[in-house]
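Chemist: Chains as they are written, first to last, in this note's numbering: chain A, 4 to 498; chain B, 6 to 517.
Rather than coming from a laboratory, the hints here were simulated on the basis of the structure.
You may find that some hints are simply not true.
Just so you have them, the derived chain B footprint on chain A, three or more residues with Cβ under 8 angstroms [what the hints assert, rightly or not]:
| id | region |
| --- | --- |
| 1 | 75-82 |
| 2 | 245-257 |
| 3 | 324-334 |
Yeah, the Cβ is synthetic: ideal placement off N, Cα and C, and Gly gets one too.
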Amino acid sequence: MTPPESATLNEATAAPEAVDKKALIKEVLEAYPEKGKKKREKHLNVYEEGKPDCGVKSNIKSVPGSMTTRGCAYAGSKGVVWGPIKDMIHISHGPVGCGYYSWSGRRNYYIGTTGIDSFGTMQFTSDFQERDIVFGGDKKLAKLITELEELFPLNRGVSIQSECPIGLIGDDIEAVAKKSAKEIGKTVVPVRCEGFRGVSQSLGHHIANDAVRDWVFPQYDKDKKAGNIPDGTQYDVAIIGDYNIGGDAWSSRILLEEIGLRVVAQWSGDGTLHEMINTPSVKLNLVHCYRSMNYISRHMEEAYGIPWLEYNFFGPTKIAESLREIASKFDEVIQAKAEEVIAKYQKQTEEVIAKYMPRLQGKTVALMVGGLRPRHVVPAFYDLGMRLIGTGYEFGHNDDYKRTTHYIEDGTLIYDDVSAFEFEEFIKAMKPDLVASGIKEKYVFQKMALPFRQMHSWDYSGPYHGYDGFAIFARDMDLALNSPTWALVGAPWTK
Amino acid sequence: MAQNDVNKIKDHAELFHQDEYQELFAAKKEFEGGHAPEVIAEAAEWTKSWEYREKNFAREALTVNPAKACQPLGAILAAVGFEKTLPFVHGSQGCVAYFRSHFTRHFKEPFSAVSSSMTEDAAVFGGLKNMIEGLANSYSLYQPKMIAVCTTCMAEVIGDDLQAFIKTSKEEGSVPHEYPVPYAHTPSFVGSHITGYDNMMKGILNTLTAGKKAETTNGKINFIPGFETYIGNLREIKRFAELMGVDYTLLADNSEYLDSPNNGEYNMYPGGTPLEAAADSINGEATIAFQAYSTTKTRDYIEKEWGQKTYVARPVGIRGTDEFLMKLSALTGKPIPKELEDERGRAVDALTDSQAWLHGKRVAYYGDPDLVIGLTQFLLEVGCEPVHIVVTNSNDVFEAELRALLDSSPFGANATIWGGKDLWHMRSLLFTEPVDFFIGNSYGKYLWRDTHTPMVRIGYPIFDRHHLHRYSTYGYSGTINILNWVVNTILDELDRNTIIPAKTDISYDLIR
């Protein structure tokens, strides 16, 4: 149900007080000791129109004690890249915690019978004890894989997701993987994604991509040689870097199929090992989350000559632009269909905008997310008449900040690997109407009576991709911003 | 088009049920390389069998869906109960992101903790530099009154020495010399989150009470909640003490931190036990812990180092609450007020009102050792029959205690304690030896889906239902809460099973 119109709707949205953002950064940095300040000042800036990037350093170690929002390489591999492959069992190899905390945390939707032929919302762990640390865990791992095979015979393969101790105690999981793969006759992928590697989850994405290259693609090569890979069609594509959070990959896939393409594989939301193995047979890789899967896309380009194209399915402007660009890589049939599809959804989109834009027009938003979203979702806000005043990545690299320049206005505040302290101070000073970030930030800002939406999990809603997703996005931004509950904050006798 | 009505926008819960998406799912199968539906159905049936159960229980290396987390999670929960205390987790940074997310999803509150963000170089050279820098930064940025340090398994495997590191950090000027930086080694490959709670609590008390032993007692009773995730329980304990006029120190009180009012301003450190009060706990009359297995080392330390008597009380159910109140009365000489006796009467009245729906009901449950003992107390009192009790983070002492409790009632005769087992074991148990309902945390919803056993959510974490953590499970009011959740789950299920018109709805009764 649409929430009743609240008082805030009828007020003209006051233009945000002109904040001197450079001065704000300077002031916020003053709270750090000298060393911390020196490190952090490189990560904060104000975007200047025409510059090739956002003027910040990135992908550098987080400052100890600063309260970074970042995760680790294990989170990037098990949690992001590998975890959603639904017909494989992903072992959280090491102590119990990592697998426990990441269990069912990301809502990577899938179709399948969990525990029988699909395993996405389960927690498999070697639950390391002290003796495993002392004597090593290789034997336990080998035994564990035979037990998996016995109890879950329909699994298509296994991945070994290393937690911190594995690399520190010198276990040889590659040897176990090779031996076990022979024994069970299935794919067993060792992944060296120990949490201490790298500076964030980003290296975990890279390591996970490399594991696909080294342990999955050789099967494609073998099958290809043996003539077991079907030729496919000239319209075969793969969706790369869509984790199907709340069903995002499906509301994207439906559009690609409607314009006449054949989606052979989804990486990795609702994906299978079989889809992964067959991917090098596609004609074009369509990359949504560039950050987490550019590596494998580049590899497929080099090794198999498959071009890749980044697209953006957030908001009708970018969806139409992306569909046209994707279609331009194919023939006129596809191009004509793309126009048809854009036209077909026009009415739906116009209705959504007509309904929600008056409720959202002029509202400002501050973003802080990971992956692609600190830039990719910006046009969806603009489609609804909202404005971005600050953005930043948890674990972006310089290539992300370069791409970001196409999405933001002059004077946007940029914060890389923002600390809890900085983010709170920035928000208090800039006073956006909406903060869009993660679960760790949500209640900090809601305590300030600030509307908030989680931009990792879509706040348990979604999908947000595609035309179907945009309608939900619009509804959700409205229900956050125009909830009557915000007006209850503060007792009337204290005002 | 699937999204065809702007006045009724469909999200995932409905969108994907539309024909367009159902067709998409069916078509996608061509590319998936999946198994034939009959193969899947056959395998699914097989997992319900005794044969599967035996294979499942024969596993030695594999853990599937465990009901336990790791030590530092408990450590930081202990820390945030103290006034303006910032948990500092020494080791890899991803762990802290996980802990904060986990607690935030359960409590729907901010949860602050910092990491020393150790990476490859620290793995080689140790994390001293990270500690020095991390303490300095967090002290300046977040201005805590105390920083409580625990570890991740990375720091433990490489052997970082917290005591020495903290000393060096102070010498380097990260924090003032007299500034409290208690610590606990909390390796995640030993014990579970309840062990971490215990280690951190002991570490904090050890630091704060050093040199504070006085000649005379302060007349107060110390309360230690343990790994407590029901805010209502802390409030109930405080209310009891206040009603009885008992002077107390709650070690520690995270009830404000984890349930703070929304007044338009974010306060990073709401509430908490004042550090001075915590320091003075060494001079208390006695200590009562509400959980035994998350306070084992702490109680041992209090007995030996402070020379103070410690007790365990679990005020769950009528008798559990009676025992706690009588113990408190005996320790302080304060009588139990009539108000509480009336409350008791009302709770007993509620239990007798509902007893017919509970008597002889077969129950399965899982959770931390002390939670399970509390639930057992309640279930036996109302005539339910515990059948399967799974405790992943079990131990021998606990199992003996629980066995004795079960043996104290004829209703406990058919219970099996499955120590060290997980929720995939529980799945087999529920299929092969079905029960009327089960009790567990949110992860239990997969058991509900697979076995159709009605589910009562009690435990940690509860992610998929709102606000349950605000209630109490302690005291007479907590007994009514548990009763309410249990009996109404049974009645809801009865309605669900009798809702087909002209077929089952003969029993779809208005009055029950």
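Chemist: All hints are to be evaluated individually against the structure, with a verdict given for each.
Modeler: Verification of the supplied hints:
Only residues whose C-beta sits within less than 8 angstroms of a C-beta in chain B count toward coverage, and the region 75-82 of chain A has 4 of them, enough to reach three; the restraint holds. Closer than 8 angstroms: that is the beta-carbon criterion, and the region 245-257 of chain A has 6 residues meeting it against chain B, so the requirement of 3 holds. For the region 324-334 of chain A, the stated coverage by chain B is not satisfied: 0 residues place a CB nearer than 8 angstroms to a CB of that chain, which falls below the threshold of 3.
Taken one by one, the earlier hints fail for this structure only at number 3.
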